[in-house]
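*Asks:* If you want the building blocks of each chain, they are given just below.
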Amino acid sequence: MAVAVQAAQVRHRITSVRTAFWLGWQMDSNWTDPFLFAVYSIIKPLSGALILLFIYRVAAGPAIGSAFFSNMYVGNAFFALVGQMLLGMSWVIVEDREFFRMIRYVYASSSPYHLYLLGRGLSKLAISAVSVLILMGFGRTVLGLPVSLHSVNWPMLSSTVLLGVLCAAGLGYAIASLQFFMARHGGAASEAVAGVLYLLCGVLYPVSTLPPWAQRVSRLIPLTYWLEALRRSVLGSETAAAFTGAYAGRDLSLMALLTLGSVASLAIGLLVFKAGQAAATRRGIIDTAQDY
Amino acid sequence: MSMLRANLMAIWGRAYVRIVGVNREPSWILFDVIFPMLGVASYAYIYKAMNASREFMGFAILGGAMTAYWMNVIWSMASQFYWEKQNGNLELFFVAPTSRMAILLGMAFGGMVTSTTRAVAVILFGMLVFGVRFTFSSFPLAVLAFILTVVALYGLGMMLSSVFLMYGRDAWHMANLMQEPVYLISGLYFPVKALGFWAALAGSIIPLTLGLDAIRQLSFSTAPTGFLPVKWEIAGLSCLTVLLFFGASRSLAYMEKLAKREGRLTLKWQ
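Top line first, the protein sequences correspond to chains E and A.
Reading the first sequence from the start, the letters are residues 1 to 292 in the numbering used here.
Reading the second sequence from the start, the letters are residues 1001 to 1270 in the numbering used here.
Calculated directly from the structure, the hints in this document are not laboratory data.
Heads up, some of the hints might be wrong.
What the hints assert, rightly or not - Below, a list of computed lysine-lysine pairs in the BS3-like style, where the Cα atoms sit at most 27 Å apart:
1. A/Lys1193 with E/Lys44
2. A/Lys1231 with A/Lys1193
3. E/Lys44 with A/Lys1231
4. A/Lys1048 with A/Lys1231
5. A/Lys1257 with A/Lys1268
As the list claims (entries may be wrong) - Listed next, the stretches of chain A that the computed footprint assigns to chain E, with coverage defined by at least 3 CB atoms under 8 Å from CB atoms of chain E:
6. 1041-1054
7. 1136-1148
8. 1231-1245
As the list claims (entries may be wrong) - Here are some chain A residues the structure puts well away from chain E; computed CB gaps all over 10 Å:
9. Ser1002
10. Leu1030
11. Leu1038
12. Gln1086
13. Tyr1254
14. Leu1265
Cβ atoms here follow ideal geometry from the backbone N, Cα and C, with glycine treated the same way.
Bound conformation, chain E alone:
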């Protein structure tokens, strides 16, 4: 009997996430025809990648090899997953509360609110995953990135991506908890946090470029190890070594460290979110819109 109840609860939770995912997808994509949506989804990330290309072209000195650019390009392409997950999980609170005025209905539904946020974050993640594929294809075919289907360490890549999603979900929950207490301008919070992670985690340059204190902070963030693992799995350890300073250990210990960091990030993020949600409920501000 107890097992049946638990199974029903799990099914209900999966349905909650799936429904939120579908809702997010519909909201993001139903405003236009699929072709225009595809163009829209491609142009933005491609422009970001081309900015890096031009920066590299104007600044690269003779000592900089193409391995530097490959690491920068891969880091930037995959980091979109983190940025979109954070945005998907936190912006939804601002959007539902201030704009669609439907947060109270979602909140009052039978779906646990944290699972609703997770589903909305995953829908953004799915869209950005397409962008990552396009960016990698562009990098391979147009920019001559040393990546091929055979050279990629697929088991390591898939487990790294999964762990990154857990870690980003934890951060997303933490930012989402703040949104309950912030006015509409809080919508920029996820982008702002993503910007800081972009700076500290060695997305575009080796962590060793940062000042020593920032390097110490960087080593406390699981996403730093996530980027290192991604580069090793996509570009190989030799090319990834061009970005020194993040972690010099072996792949297995790197993955263990990443697993620990990601699980801890998710657990802490959820705790922070639950605390924020409880405080906002107590203060009666869950659906307080601030029109200015």
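With chain E's structure known, arrange chain A on it following the hints.
*Replies:* Only chain A this time, still in chain E's reference frame:
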């Protein structure tokens, strides 16, 4: 009350709400000033990692500072009518005995408080952390280029806002699309000349392109690159300013008429 006085009051009234609103909740300082300031540093660090000359770091910092205005134009001006429509304020703006442009100017002035704070913070950060030094060849011209750029940008913002009278999320996504692609064609983080002459010329339709290039040439006298001579760029910016404000006035009138005819002016959630 004269029309001028009414419009001036509308400008102040709309700006006041924004200034007071934002200062009632100081969290914007963290998320709109400090964190974005750190985000801009990423681009400066790329140049540092590649041992590029210090001017390039200055270029990135200056570009990052100007981003504040562009973001303000897109999200707090162009798309503001979208928010107002959803909130039910747009009807009030239309029955008010003032010009729509006065209301938009009020939004612009109100938004400039946060944008300028952010821009100044980014520049100070660049000077303190990256040792960026500005060696102005002509400070007055640099100020003129900056003012023309900002004014032209807000003209463009007004023009874009007219689109939101008619459309909903289509326009919202268009605004979203105007971030990275615009950063690219405006050469926000690298000298726009690197794009090639024709691409840079096409990008000059956005005032940020010419404005930033002129400010960079005037602020870094040893700057290695410039797209066009500064005087040409300032002349181009002046033309853009006039054209964009004229275009904004015509576009607002036209889109308002069109939106009324099609019944979309106050249509929510489209």
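*Asks:* Work down the list of hints and note, for each, if the structure agrees.
*Replies:* These are the hints, each one checked on the structure:
The straight-line distance between the Cα atoms of A/Lys1193 and E/Lys44 is roughly 21 Å, inside the 27 Å bound, and the hint therefore holds. Restraint check for A/Lys1231 and A/Lys1193: the C-alpha separation of about 16 Å stays at or below 27 Å, so the hint holds. Distance restraint check for E/Lys44 and A/Lys1231: the Cα-Cα separation of roughly 33 Å exceeds the 27 Å cut-off, and the hinted pair is therefore not satisfied. A C-alpha spacing of about 31 Å is found between A/Lys1048 and A/Lys1231, which places the hinted pair above 27 Å, so the restraint is violated.
With a CA separation close to 18 Å, the supplied pair A/Lys1257 and A/Lys1268 stays within the 27 Å bound. Remark: the region 1041-1054 of chain A is confirmed as covered by chain E, as 11 of its residues place a Cβ nearer than 8 Å to a Cβ of that chain, reaching the required three. Check on the region 1136-1148 of chain A: 0 of its residues sit with their Cβ under 8 Å from a Cβ of chain E, so the three-residue criterion for coverage is violated. Here's how the region 1231-1245 of chain A fares: 0 of its residues keep a CB closer than 8 Å to some CB of chain E, so the rule of at least three is not met and the hint is violated.
Distance to chain E confirms A/Ser1002 as a non-interface residue, since its nearest Cβ pair spans about 28 Å, more than 10 Å. With a minimum CB-CB distance of about 8 Å to chain E, A/Leu1030 fails to clear the 10 Å threshold, and the non-interface call is violated. Chain E draws A/Leu1038 into its interface by the beta-carbon criterion, the shortest separation being 5 Å against a cut-off of 10 Å. Interface exclusion of A/Gln1086 from chain E breaks down, the closest Cβ pair being 5 Å apart, not more than 10 Å.
Look at A/Tyr1254: its CB is around 23 Å from the nearest CB on chain E, clear of 10 Å, so calling it non-interface holds up. Residue-level check passed: A/Leu1265 sits 18 Å from the nearest beta carbon of chain E, beyond 10 Å.
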